[in-house]
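Here the protein sequences come in this chain order: A and B. Residue numbers for the first sequence follow numbering that gives the first Met the number 0, beginning at 0 and rising by one. Residue numbers for the second sequence follow numbering that gives the first Met the number 0, beginning at 0 and rising by one.
Bear in mind the hints are in silico, worked out from the structure with no lab data behind them. Bear in mind that the values here come from a model prediction, so they are computed numbers and not experimental data. A hint or two may mislead.
[To be verified] If you anchor each label on the Cβ, the simulated ranges turn out as follows:
hint: 1; chain 1: A; residue 1: A20; chain 2: B; residue 2: G256; range: 35 to 43 Å
hint: 2; chain 1: A; residue 1: L246; chain 2: B; residue 2: S184; range: 21 to 29 Å
hint: 3; chain 1: B; residue 1: N117; chain 2: A; residue 2: S309; range: 49 to 57 Å
hint: 4; chain 1: B; residue 1: A264; chain 2: A; residue 2: A20; range: 27 to 35 Å
hint: 5; chain 1: B; residue 1: E171; chain 2: A; residue 2: K146; range: 19 to 27 Å
hint: 6; chain 1: A; residue 1: P81; chain 2: B; residue 2: N117; range: 15 to 23 Å
hint: 7; chain 1: A; residue 1: A149; chain 2: B; residue 2: Q100; range: 51 to 59 Å
hint: 8; chain 1: A; residue 1: L246; chain 2: B; residue 2: A154; range: 35 to 43 Å
hint: 9; chain 1: A; residue 1: I303; chain 2: B; residue 2: F153; range: 39 to 47 Å
Every residue, glycine too, gets a C-beta built ideally from N, C-alpha and C.
What follows is each chain in one-letter form.
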Amino acid sequence: MKIKRELGLIVVLVIFNVLCALKEPNYISPRNIDSILLWMPLLLVAAIGQFPVIVARGIDISVGSILGLSAITTGVLLKTHPNLSLLALFVIGALVGIILGCINGLLIAFGKIPAVVATIGTLTLYRGLTFMVSGGDQIDASTIPDKLTALANSGWTFKEVTVSWLLIIGITFAIIAACATRFAQFYRNVFAYGSNPDAAYLRGISPTMVQMVCYGASGLMGGIAGIMFLSRFGNASPSSAGSGFELVVIASVAIGGVKITGGSGSVLGVFLGCLLLSCINVALTALKFNADWQQLIYGITILIALIIDSASQIRRTRSAA
Amino acid sequence: MIRITSLLVLSTLVMVSCTSGGSNNEPTTSANTASNGKPSGDAGARLKVVFIPKDTANPYFKPVGMGIDEAKDSMNFDYKEQGPATADPTSQISVIKDQIQQKVDVIIIAANAPNTLNEVLDDARKQGIIVLTVDADLTGNESHRDAGILPTDFAKVGQSQLEIMAKQMNYEGEFAILSATTSASNQNTWIATIKDGLKDPKYSKMKLVDTVYGNDEPQKSSTEMEGLLSKYPNLKGVLSPTSVGLAAAAQVLQNSGLYPTGTKAKNGGIHLTGLSTPNQLKKYVTKGVIEGFQLWSPKDMGTLAAYLGTSAKRKKIDLKFGTEVDGPKGKLKLDDKGVVYAGDLLTFDKTNIDKFDF
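Next up, chain B with everything else stripped away, as it sits in the complex:
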């Protein structure tokens, strides 16, 4: 009897953990719902724009919402954010249905899954609602939204990372790359771009001595970083285009005292940079362990989404795949899947890191 009971307890516990919060799909509102009942749809009328993040807790999407919110007066729309409590593949469906009933004009959504929203988004678009994805696209199901906004052109990340590394090292000396896994395709593309970029004469005094892989595990990344410090006594830079690696490397570098302003720095110290969210590395930037690092700007995605959504609704632009449209800062190209990029990488350093919270 006891045995059966505890089996039941265990299986219930496991189920609870698997569907954690799945039963709690009540959408939660977290912004001003200042709809004032004006008719919508005509050019010049105040539109209703809703942003649906993956879930309400994810800090990464706060600046996306801010970017949309800040554009509401110049682009004449009412803004609200309405997300599901959890980032389940289906949790956004009921939220979207609510928004259709409330007759919003533009839905900006970071999709939790590329294939679960097709039907409900088709319903929305039949009502004339413009549907845009931000950050997380409906890959493979692009025809179910009007356009997809991605943070940055990933093809340019490698070059941008090489340049910030080079600047910090003053364009000379040995550096190494601390990557994620050997099979991570983004990482490999960036590393290939960096190797290629090094052929540029302005990087001729720089030498990539090693590429190591921390498997996006804190332990392995730390050991690899420690290994770099011990294997290459003349090392001047480490580039880690992955946030787990960069955070681990920062802690190791801080402990070693080998960073430029550290107690054991030799020949100007070791410069560390890469890709990460600002919150993860604020401490190290404040202490001077890291001078600067990069990431795309989630906020720019929001601003661009607001612009494209309201302009398309007002029929000022036509979001046809494979065409050029007017953007807030000049022409924008929608590729043949309807994808546009919000901008270049942002650099976070002492002067600006406190302005970001994600």
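Next up, chain A with everything else stripped away, as it sits in the complex:
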């Protein structure tokens, strides 16, 4: 039953890519595939963080600003401490992310503020902080150490196609999360809470605990994505780093078949959703669409993916009934 849903997404992916390759043979050139594979990692990491949040009937809209603040804070530290190790950079980003995520969690779990409202608030708040932390300056390329950017431009190369270290990091997180959804008590609680909060409460699952951990985890992954942003782009500006990213993350989770009303979804689905969005974004460029049309086509493609998904869901519910 569950597998079927991901199968549908795989079919969409294959059809999409075949159509693109037929229209523009260059779409499957190694350089273009590299471009798709570089599109994925940041999105995947943040989407894995967003996944339990949405399963638990919440949403984290602030993730774009969390990414930005993590990237900028780490960049500012790099200006004065250029010799920080790679591990230290990721730890700093993760810490920034956890703190911001926990603030979200506090507002939602204890303040009882609806998640949409709370994270719209912190989206602006955290963005404001990026300007304060950086004094409005951007983090220049010379601040970012080569060993960090190397994670984006090296990795495992098969026949001219490079699977960057960033993507390997992203996939590792995905595998960990996929295993955890099967075996970790936390994910069981998240699914139970998302399916029926009242029943979950009666079974002794603390809603505040579930929410705190969900938003903390989303913040953590957003923070890590911030370091990956520095690696991928080699610079960061307080205004643009991660700006608008939250919508891509939420779209990829939704396309990945995670029910926006909570209670169901899978990491494999999220992974496929990220892959499809990455393909779409690169296809817009590779197929030489007119720039004025790109957003429209992007929106239509996302809607088609969502409609196919919900249609297959309705059919499944009918056949089950």
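On the provided structure of chain A, position chain B as indicated by the hints.
Chain B alone, transformed into the frame defined by chain A:
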């Protein structure tokens, strides 16, 4: 109860972020206040010139200040820089009031907003203070200052960018433009100038194969640059007249190894140029990923402002809109809004980039 408290906390936090630093409008002095009490105003007396940047932290305005500072001895004035801590629309008002009280002779200001300073600047001018804007003008309120100095004539940027691209490509081969958004008017003007300029016979062997838009987002700009590299195997040049696009393109080009001295360069490699501040691209110029790129010179704006301000105060020139005045290097034309241009674009390359810090 908890709910109300946290709502309060959230709203306070949001307010703090919105007005970030707004409560911190204490002006901060950051230069020598070497006023020695001499009477001012007469020709030959040492004048007092103050520069008010958008805020004290913005590195872009440091060279503007340097340009003014370096002229102080030859033009006989005392210089100080006095900016607000934050670039709020109203943060400069109290700074200007202070300067009026201190009886400065010339105020050079990069306005944070075109419409919030009218009254206080009128007060200043009633006291005989010459008010000049640099870089950020009082668009729509030009009558509240004596003249506006803009970095460069934007109409000439396109031609200048085409020429540096052409030089790097040795006037032949395919090139593409990586722009900001399809609705950015400066970008569109420059692109139109470039297309027009290509009709010149000296560019006859060059071909503009594509114009793509990175929306001034790092992600989109990188994907577009990667797309250019994969779509056009014979590409010899990329021109990105926007700093976000250029920085993203530089990183992509570096990773690809296709730049002229890169490991995978074919037929001389791909040349990348455009518009950006030097600090953003220093690393790539040092590594040879980018040979040279351009921007206007903030320092020249400062020098010109110092000249116009002190000369007008000494009544050597009259800053009347729509007239020609004597400039430091020949005649200068004030247009009918009182705008003058400081100079041509500067080219940054290996030989000079270390001299700039903005």
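Hint by hint, here is what the structure shows:
1. For A20 (chain A) and G256 (chain B), the hinted distance range of 35 to 43 Å is not satisfied, since their beta carbons lie about 26 Å from each other.
2. L246 (chain A) and S184 (chain B) have their C-beta atoms about 26 Å apart, which keeps the hinted 21 to 29 Å range intact.
3. In this structure the supplied range 49 to 57 Å holds for N117 (chain B) paired with S309 (chain A), their Cβ-Cβ distance being about 56 Å.
4. The hinted range of 27 to 35 Å is satisfied by A264 (chain B) and A20 (chain A), whose Cβ atoms lie roughly 28 Å apart.
5. For E171 (chain B) paired with K146 (chain A), a C-beta distance near 38 Å fails the hint of 19 to 27 Å.
6. Evaluation of the 15 to 23 Å hint for P81 (chain A) and N117 (chain B) yields a failure: the beta carbon distance comes to about 46 Å.
7. Between A149 (chain A) and Q100 (chain B) the C-beta distance comes to about 56 Å, which sits within the given range of 51 to 59 Å.
8. Between L246 (chain A) and A154 (chain B) the CB atoms are about 37 Å apart, so this pair conforms to the stated range of 35 to 43 Å.
9. For I303 (chain A) paired with F153 (chain B), a C-beta distance near 42 Å keeps the hint of 39 to 47 Å intact.
Violated hints, listed in ascending order, are 1, 5, 6; each of the other numbered hints is respected by the structure.
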